[in-house]
Amino acid sequence: MDAAVLRAAGRSLVRGSTYLRWVYLLLGAALVLAFILIDSALLATVQEIGLPQPLEIALALAVIALPPVALGLLPAVREVEGVAVESLLGVRFDERPLGPARNWSQRRRSAAWFLIHLLTGGIVGFTTTIGIPLGVILIAAPFRTPGDHELVPGIPYHVSGGWSDIWLPVVGVLCCVLPLVLAFVVGALLVRWAPAVLGPTATERIELLERRTTALVERNRLARELHDTVGHALSLVTLQAGAARKVLDTDPEFARTALAAMEESARSALIDLDHVLGLLRDDRASTLPQLTLGDVPRLVEATRAGGITVEVDAVDGLDAVPAVVSREAYRIVQEGLTNAVRHAGLEPAELTVGLLIRTEPGSLRLELTNPVGSARRTRAGGGGRGLAGIRERVAVLRGSVDAGATDGTWRLAVALPTGLDPKQRKDQL
Amino acid sequence: MNISVVIVDDEPLIRSGLRAIVDAEPDLTVVGEAGDGAEVLPIVRRTGPDVVLMDVRMPAVDGIQATRLLLDGLEPGPRVLVVTTFENDDYVYDALRAGASGFLLKRTPPADIVQAIRTVAHSESLLFPEAIRSLALAHAGSRSDAPTGLDHAQLTEREQEVLRLMARGMSNAEIAAELFLGVQTIKTHVANLLAKLGARDRTQAVIIAYESGFVAVR
Chain A
1 MDAAVLRAAG
11 RSLVRGSTYL
21 RWVYLLLGAA
31 LVLAFILIDS
41 ALLATVQEIG
51 LPQPLEIALA
61 LAVIALPPVA
71 LGLLPAVREV
81 EGVAVESLLG
91 VRFDERPLGP
101 ARNWSQRRRS
111 AAWFLIHLLT
121 GGIVGFTTTI
131 GIPLGVILIA
141 APFRTPGDHE
151 LVPGIPYHVS
161 GGWSDIWLPV
171 VGVLCCVLPL
181 VLAFVVGALL
191 VRWAPAVLGP
201 TATERIELLE
211 RRTTALVERN
221 RLARELHDTV
231 GHALSLVTLQ
241 AGAARKVLDT
251 DPEFARTALA
261 AMEESARSAL
271 IDLDHVLGLL
281 RDDRASTLPQ
291 LTLGDVPRLV
301 EATRAGGITV
311 EVDAVDGLDA
321 VPAVVSREAY
331 RIVQEGLTNA
341 VRHAGLEPAE
351 LTVGLLIRTE
361 PGSLRLELTN
371 PVGSARRTRA
381 GGGGRGLAGI
391 RERVAVLRGS
401 VDAGATDGTW
411 RLAVALPTGL
421 DPKQRKDQL
Chain B
1 MNISVVIVDD
11 EPLIRSGLRA
21 IVDAEPDLTV
31 VGEAGDGAEV
41 LPIVRRTGPD
51 VVLMDVRMPA
61 VDGIQATRLL
71 LDGLEPGPRV
81 LVVTTFENDD
91 YVYDALRAGA
101 SGFLLKRTPP
111 ADIVQAIRTV
121 AHSESLLFPE
131 AIRSLALAHA
141 GSRSDAPTGL
151 DHAQLTEREQ
161 EVLRLMARGM
171 SNAEIAAELF
181 LGVQTIKTHV
191 ANLLAKLGAR
201 DRTQAVIIAY
211 ESGFVAVR
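Top to bottom, those sequences are chains A and B.
Residue 254 in the working numbering sits at position 254 of the first sequence, and the numbers go up by one each step.
Residue 77 in the working numbering sits at position 77 of the second sequence, and the numbers go up by one each step.
By construction, these hints were calculated from the structure, which means they are not laboratory data.
Predicted, not measured: the structure shown is a model, and the values here were computed from it.
Keep in mind that the hints are not guaranteed to be accurate.
In silico contact screen, one side only, chain A against chain B (beta carbon under 10 Å); selected entries [stated by the list, open to error]:
| id | residue |
| --- | --- |
| 1 | 239 |
| 2 | 246 |
| 3 | 257 |
| 4 | 262 |
Restraint-style ranges between C-beta atoms, simulated for each label pair [what the hints assert, rightly or not]:
| id | chain 1 | residue 1 | chain 2 | residue 2 | range |
| --- | --- | --- | --- | --- | --- |
| 5 | A | 245 | B | 192 | 42 to 50 Å |
| 6 | B | 111 | A | 358 | 52 to 60 Å |
| 7 | A | 411 | B | 24 | 37 to 45 Å |
| 8 | B | 187 | A | 223 | 40 to 48 Å |
| 9 | B | 178 | A | 245 | 31 to 39 Å |
| 10 | B | 48 | A | 306 | 41 to 49 Å |
| 11 | A | 257 | B | 178 | 45 to 53 Å |
| 12 | B | 192 | A | 97 | 54 to 62 Å |
| 13 | B | 179 | A | 281 | 42 to 50 Å |
| 14 | B | 192 | A | 211 | 54 to 62 Å |
Idealized CB from N, CA, C, for every residue including glycine.
In isolation and in its complexed conformation, chain A is listed as follows (with noise of 0.2 Å):
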């Protein structure tokens, strides 16, 4: 044998990960061994039964067959699977934890790893229950009367009593250490397995990837709207508190309005927070059908409806932009459209909203214009809510924005990464 292999081996008996492998092996031996009792007994029937000998062989094989596939197309077996590979082989999947196989691949290939793990633990079981008893054999033949002995019976060893007896222990001590190295190096196998065969597809992931970005998208708006209302509204009232206890015997009047605005926040934010928490508890919202892109004539003829003039400038193929950036996309051309009819100061009839859409390689700009009124007046404050409630999606996505009025004209870009276009990934291989 190679030295470098030895070594390997030699390096591999040390490692706490070997052992843990092992277990891992030996679980699959010992459903192994659960199922070889049940078919003990029921080809001892299909034997019975008296069938021509193809048909017996091939329902002989059915009845090996079945019970393992059968309980490895279990969706509960990927969790579990997962949960064992995880803590036993040291696997780190995508999707953490592994839940339940949730369609018919992930079936199809949790009953494969399923068989993958009764296959191979099987075979170092195997190992196991023959080579340890076997090396301990060995190991104490020496100490045994010198004379003709049987490993098991039909196979005889010499013991003579010399030193021509020290390749027994030798032997036996190879036999001890050979199922740990067959661990090590199925469990290796196993490792490299895993991902692909229990662990979620590129689809998947992407899937995951995408309701994890929606879920932090929706999570990142309820904080920004608790932050916007209720936690503005507190520090209001805290800071008008303060201030009319200071100048309660100077300032009566000032006082006065302070209590007054006090009482006018804290029940705004009261009502502010019912909105809020009815979102947190009621979770419909995230299980509604989510508009994207594709929705947006439908939004432009809503705002139509109310009287305003909406030039749309859109490219087609909008289709292909990631749902996760096209569900972003819609909502903030509807915060644009809103703010537009909001702080243009303009009567809808005399409102003129552009909107463009363009899609670049990797990325989707959007744009909404419109003219500012000599009278605009921001709203007093939460003015700059649905801005920075644009900003907040922007952020997640990691896009740009950019906005302001120049000549008159408020302007609202957008640009958000839509992944690589073809053409650069492979640039880029």
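Please build the complex by placing chain B on the supplied structure of chain A, with the hints as guidance.
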């Protein structure tokens, strides 16, 4: 010495509350108000306040941009005290990096608000050294443009010592007592090290000290 104050906040009720608190002090006077960062520069030009109380989030021009505008556009600019709803606001640190001298929570009790204004106006000690330290801790290493060392600033050993004590929030008088030196000597050291670091005030110098790793954030 009378300290003049300009209040910038998009919420009129916050402005009126702050004005009542500030105006009730004999040594403080509100000389102007603005409802947006965009209106700050002309008002400050006209009234020349010592301290600007600056809200962070405002509709058109936010507090960070407005702070930058003020400090780039005016020499010497006023001290900027950022007023925020929440302590763990990312914008607060951005505002400090933009040159604000300190920050203040809207929930701070009135007595502390006026004390903070005085501290910032006189710039003799650091406002809320603990909060600045934890902000620096939260942001250390996340900035690619953070200075990598203070070697190029070539501070003398004494100046380094003073900078370390400044980061702990000590006033000039306290540093003088600690080092057995005169207050005037400390003032000279502080002025020299501010000039060497290119810092506007103590807050800026301490932020540079934390970001460069000169003062360990532990």
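Going down the list of hints, with the structure as the test:
1. 239: holds, 4 Å
2. 246: holds, 5 Å
3. 257: holds, 8 Å
4. 262: Holds - the Cβ of residue 262 (chain A) comes within 10 Å of chain B, reaching about 9 Å at its closest.
5. A:245 with B:192: 42 to 50 Å: Cβ of residue 245 (chain A) to Cβ of residue 192 (chain B): about 44 Å, so the range 42 to 50 Å holds.
6. B:111 with A:358: 52 to 60 Å: holds, 55 Å
7. A:411 with B:24: 37 to 45 Å: Between residue 411 (chain A) and residue 24 (chain B), where Cβ atoms are some 44 Å apart, the hint holds.
8. B:187 with A:223: 40 to 48 Å: holds, 44 Å
9. B:178 with A:245: 31 to 39 Å: At roughly 38 Å between Cβ atoms, residue 245 (chain A) and residue 178 (chain B) fall inside 31 to 39 Å, so the hint holds.
10. B:48 with A:306: 41 to 49 Å: Holds - the Cβ-Cβ distance for residue 48 (chain B) and residue 306 (chain A), about 47 Å, lies within 41 to 49 Å.
11. A:257 with B:178: 45 to 53 Å: Holds: the Cβ-Cβ distance is about 48 Å, inside 45 to 53 Å.
12. B:192 with A:97: 54 to 62 Å: For residue 192 (chain B) and residue 97 (chain A) the Cβ distance comes to about 58 Å; the hint holds.
13. B:179 with A:281: 42 to 50 Å: Violated, at about 59 Å.
14. B:192 with A:211: 54 to 62 Å: holds, 57 Å
Hint 13 from the earlier list is the only one contradicted by this structure; the remaining hints agree with it.
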